[in-house]
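Chemist: Sequence:
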Amino acid sequence: MIEFRIDRRSGVATYLQLVHQVKHALRLGLLEAGDRLPTAREVVAATAVNPNTVLKAYRELEREGLVEPRPGLGTFVRRSLASPAAAADSPLRRDLEAWMAAARAEGLTRDDVEALVKAVIDTQY
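1 is the number of the first residue of the sequence shown in this note's numbering; add one for each residue after it.
Treat the hints with care, as some may be off.
What the hints assert, rightly or not - Simulated restraints, written as ranges between beta carbons of each label pair:
1) Ala87 x Arg5: 39 to 49 Å
2) Pro51 x Arg94: 38 to 48 Å
3) Val120 x Pro91: 16 to 26 Å
4) Thr123 x Arg70: 36 to 46 Å
5) Arg59 x Leu30: 19 to 29 Å
6) Pro51 x Ala103: 38 to 48 Å
7) Pro69 x Gly29: 18 to 28 Å
8) Val44 x Arg110: 21 to 31 Å
As the list claims (entries may be wrong) - Computed list of lysine to aspartate or glutamate pairs in EDC-like fashion (alpha-carbon distance at most 16 Å, straight line):
9) Lys56 x Asp89
10) Lys23 x Glu3
11) Lys23 x Glu68
12) Lys23 x Glu62
13) Lys23 x Glu64
14) Lys23 x Asp35
15) Lys56 x Glu68
Keep in mind that the hints were calculated from the coordinates and are not lab data.
Treat the numbers as computed from the prediction; the structure is a model and nothing was measured.
All C-beta atoms, glycine included, are put in the ideal place defined by N, C-alpha and C.
The task is simple: from the sequences and hints, build the whole structure.
Modeler: So this is what it looks like as structure tokens:
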């Protein structure tokens with residue numbers, strides 16, 4: 001099951017942080033079709049956010065066709081966004097982990113790496 005983390009200083013709306021975290025888990029294959037998301041009550045207990053914020057995030061995910069509510073049962077994943085190339089055991093992931101280790105060994109900070117990756121993403125996509 002997914003564990004949500006809220007960064008109150010990020011400037012990103014809380015409901016969007018929840019949406020992004022679910023999508024991230026779907027892309028990495030951490031959530032798959034049929035998996036149940038935590039109930040709003042469970043998310044509220046873990047993150048201290050307003051229940052309406054959780055429901056808003058789940059409605060957005062439902063609108064995008066990623067989850068579906070099942071009355072009395074919870075909210076379930078309808079489809080995955082995972083790509084085999086992003087799997088934990090994929091060659092691309094191993095290459096990226098090796099690159100990250102090299103970047104760290106060269107003394108790059110997390111912010112340096114994020115800036116560099118963003119710059120390359122911007123040029124490639």
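Chemist: Hint by hint, note whether the structure agrees.
Modeler: Do the hints match the structure? See the list:
For the pair Ala87 and Arg5, the beta carbons lie near 23 Å from each other, so the given range of 39 to 49 Å is not met. Between Pro51 and Arg94 the beta carbon distance is about 41 Å. The supplied range of 38 to 48 Å therefore holds. The hinted window of 16 to 26 Å between Val120 and Pro91 holds, with their beta carbons roughly 19 Å apart. Remark: the range hint 36 to 46 Å for Thr123 to Arg70 is upheld by a beta-carbon distance near 43 Å.
Against the hinted window of 19 to 29 Å, the Cβ-Cβ separation of Arg59 and Leu30 comes to about 22 Å, which satisfies the hint. The beta-carbon spacing between Pro51 and Ala103, approximately 41 Å, falls within the hinted interval of 38 to 48 Å. The given range of 18 to 28 Å is respected by Pro69 and Gly29, whose C-beta atoms sit roughly 23 Å from each other. At roughly 30 Å, the beta carbons of Val44 and Arg110 sit within the given window of 21 to 31 Å.
Among the hinted pairs, Lys56 with Asp89 is inconsistent with the structure: their alpha-carbon atoms are about 34 Å apart, more than 16 Å. A threshold of 16 Å between alpha carbons decides the hint, and for Lys23 with Glu3 the separation of about 13 Å falls inside it, so the pair holds. With a CA separation close to 14 Å, the supplied pair Lys23 and Glu68 stays within the 16 Å bound. With a CA separation close to 12 Å, the supplied pair Lys23 and Glu62 stays within the 16 Å bound.
The straight-line distance between the Cα atoms of Lys23 and Glu64 is roughly 11 Å, inside the 16 Å bound, and the hint therefore holds. Annotation: proposed proximity of Lys23 to Asp35 holds, straight-line Cα distance about 13 Å (limit 16 Å). A distance of roughly 13 Å separates the Cα atoms of Lys56 and Glu68; the hinted pair therefore holds under the 16 Å criterion.
When the structure is compared with the earlier hints, violations turn up for hints 1, 9 and for no others.
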